[in-house]
Every structure is written in structure tokens, then in C-alpha cells.
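A.B. asks: As given, the protein sequences belong to chains L and G, one line each in that order. Reminder that position 27 of the first sequence reads as 27 in this note's numbering, one-by-one numbering, no gaps. Reminder that position 60 of the second sequence reads as 60 in this note's numbering, one-by-one numbering, no gaps.
Honestly, the hints are just simulated from the structure, not real lab data. Keep in mind the model is a prediction, meaning the values are calculated, not measured. From the three backbone atoms N, C-alpha and C, an ideal C-beta is built for every residue, glycine too. One or more of the hints may lead you astray.
[Stated by the list, open to error] Sample of chain G residues at the chain L side, in silico, Cβ under 10 Å:
1. 8
2. 19
3. 36
4. 43
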Amino acid sequence: MGTVPIYLKIEEYKDLVAIMNAIKDSIAKAETLIDDVNQLRDEEDKELSGCIDLLTEVKDKIASIDAVILNPEGM
Amino acid sequence: MAKEQPQEVYVGFSQTGTLRKDILEALKQVIHGLQTYERLRPLREEKSKKMNDLEVELAKIAKLSNKLNTFFPRSRLKDIMTEQKKAENELKLAVKDVLSDAPIKGKVKKVAVEEKEISALERELSAIEAKLSNLG
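Looking at chain L on its own, in the form it has when it is part of the complex (with noise of 0.2 Å):
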């Protein structure tokens, strides 16, 4: 079956071509913006872990604050 051999037509040939071409540019196009997403992502991964220390730094302090309110001088 897969030995039996198919005839185009020359202008048919030429659309196979083109849609060739067209869809090796759109897997180029999708790979360039898969990176570009994975790049994005990345830094949006080191944002949120700049947030995270940030955030733990708060909550020291708070804690730090909270244990300064809740033993007042003497009490």
C-alpha cells in the first residue's frame, strides 16, 4: 500500500510546497514564542521569590513588633 507510488499535478505540487513552507514557519514562530514564554515565566518565578523573601521579612517584623505589644512594660 505505502509502495504504491502517487502522482501530483504540478500546481498542486507547488500548493504542497507552499503549505510546507507555511507550516515549518509557523512551528518556527510557536517555538520562538515557547521560549519567549519560558523566559517570561522564569522571570516571573524569580519576582514571586523576591516577593516570598519579602513577605517572610514582614512577618518577622510583625512578629517582632507583636511580641513587643503583647508583653507591655510591666505586665
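Given chain L, put chain G in place with the hints provided.
C.D. replies: Chain G alone, transformed into the frame defined by chain L:
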């Protein structure tokens, strides 16, 4: 009469300098956090836009791939597979028929139904005969 003033109670804190410093530092960190969020927002928007573009590109690839199919004659592979499956199913059914006693059961059922009909007819006949004898 003068209204009695509520007694004022005070709570004292030592190390107020440290306390103020801690509050200010916490505020500073929160502001840094807000700045980080502001940096995150455009990143997310850009990522969302890129994801949309990616979706468009993938849809385009799917459409073009589909178009490729139209250039080649339809394969008979599907037909052959369907024929094979049909033959297999028929064989399975035949084997099942041979192995099971389904046809015998069918026959038994048919005979039972016929017997029921006969007995019903007999009952009707005897009822008619009884009525006739009453008349006679």
C-alpha cells in the same frame, strides 16, 4: 451633676525606638512588595499575549496539516480495518452461538408460549360448553 469621667488606663512600652524601626521596616518591605507586583503585572500581560499568539499559531498548524491531507488519495487502510473488525465480530458471534444454548432456550420459550395459548383456548372452549349446557 458632673458626668463621671472613665478612668484612663495606660500601657507602657519600652524600646519604642526599636518598635518604630520595626514598623517602618515592615512598611518598607510592603512597599517593595508592591513594587515587585507592579513589575509582575506587565510580565503576566506579555505572557498572556504570547500564549494567545501560540494558540493562534498552533491552530494554524493544525489547519495546514489538515489541508495537507487533501493532496493525497484516501487510504483504504480504514476500510480494510473495518472489514477485518466486522469479520472478527461475526466470528465471535458465531462462536458464541455455538457455545451457548441460546437457540435451544428460544425454542423452549416458543413451545411454552404455544402451550399457554392452547390451554387458554381450552379454557375458553370449556366455558362456552358450560354456557351451552346451561342453555340446553
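A.B. asks: All hints are to be evaluated individually against the structure, with a verdict given for each.
C.D. replies: Okay, the hints, checked on the actual structure:
1. Taken as an interface hint, residue 8/G does not check out: its beta carbon lies about 15 Å from the nearest beta carbon of chain L, beyond 10 Å.
2. For residue 19/G, the interface hint holds, since its Cβ comes within 10 Å of a Cβ in chain L; the closest pair sits about 5 Å apart.
3. For residue 36/G, the interface hint holds, the least distance from its beta-carbon to any beta-carbon of chain L being 5 Å, beneath 10 Å.
4. Residue-level restraint check for residue 43/G holds (minimum Cβ-Cβ distance to chain L is 5 Å; threshold 10 Å).
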